[in-house]
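Once you know that position 105 of the sequence shown is 113 in my numbering, the rest is easy, because the numbers rise by one and skip nothing.
Any given hint could be a false lead.
As the list claims (entries may be wrong) - Simulated crosslink set (DSBU-like; lysine-lysine; CA at most 30 Å straight-line):
1) K111 - K23
2) K100 - K85
3) K58 - K31
4) K111 - K85
5) K31 - K106
To be verified - Label pairs and their calculated CB-CB ranges:
6) K106 - V52: 46 to 54 Å
7) Q104 - V127: 13 to 21 Å
8) N109 - K58: 35 to 43 Å
In case anyone wonders, no lab produced these hints; they're calculated from the structure. Using N, Cα and C, we set each Cβ at its ideal position, and we do this for glycine too.
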Amino acid sequence: MPTYEMPLLLRIMKKPELVAALKRTAETIFNTGGFIRKIENCGVIPLPCKTSAHGHVHREANHFFIYFDIPPNEIDKITDKYNRDIDIVNSKIFKQDKPYNTKCTFHEETLPPPYRPSVQKLMEMAKKQKRGGTLEKEETLKRLKLPQILECSFKRQVPVNYDL
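Please put together the full structure from these sequences, using the hints given.
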């Protein structure tokens, strides 16, 4: 089952009502065969623009983030149920991105430039370009199996296998 995250905006209400609304959302997830990984409470935050939901205009809401696993075919059922709940101002379900596994290179980055592996690679590339300007062209032509081009004194390019 993939992991999903859901930002949940609940209307302003007293604590017992808020707890009941959160229990309803959690029970919906549990009843569809899912399980909750984490619930984050971000508190009461003013909305960036006024939002109308279920016939009422809301200017602030209780913000929650719910992280849960659920079968993909149950997403539509949950979304439909949350859209009909009058305590929920807004909710969307997003598939959670997997964290990238990056290797820490802080030690390499703190080295002086001449000793960094990335800079050393750039220096080697520059040396190769200085050394073999014409050789690189010939090697490329050999790899591509194209006829070589000679430059004549009258500035006209002629294929090598052409007799002058």
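Taking the hints in turn, this is what the structure says about them:
1. Our distance criterion of 30 Å between C-alpha atoms is broken by K111 and K23, whose separation comes to about 44 Å.
2. In summary, the hint linking K100 to K85 is supported, as the alpha carbons are separated by about 13 Å, within the 30 Å threshold.
3. Only pairs whose Cα atoms come within 30 Å are accepted, and K58 paired with K31 is accepted, the gap being roughly 26 Å.
4. Using a Cα cut-off of 30 Å, the hinted pair K111 and K85 is violated, with the two alpha carbons roughly 40 Å apart.
5. Under the criterion of a C-alpha separation no larger than 30 Å, the hint pairing K31 with K106 is consistent with the structure, at around 27 Å.
6. One distance hint, 46 to 54 Å for the beta-carbon pair K106 and V52, is violated here, with the actual separation near 32 Å.
7. Checked against the hint of 13 to 21 Å, the C-beta distance between Q104 and V127 comes to roughly 37 Å, which is inconsistent with it.
8. Distance hint check: the CB atoms of N109 and K58 are about 42 Å apart, consistent with the given range 35 to 43 Å.
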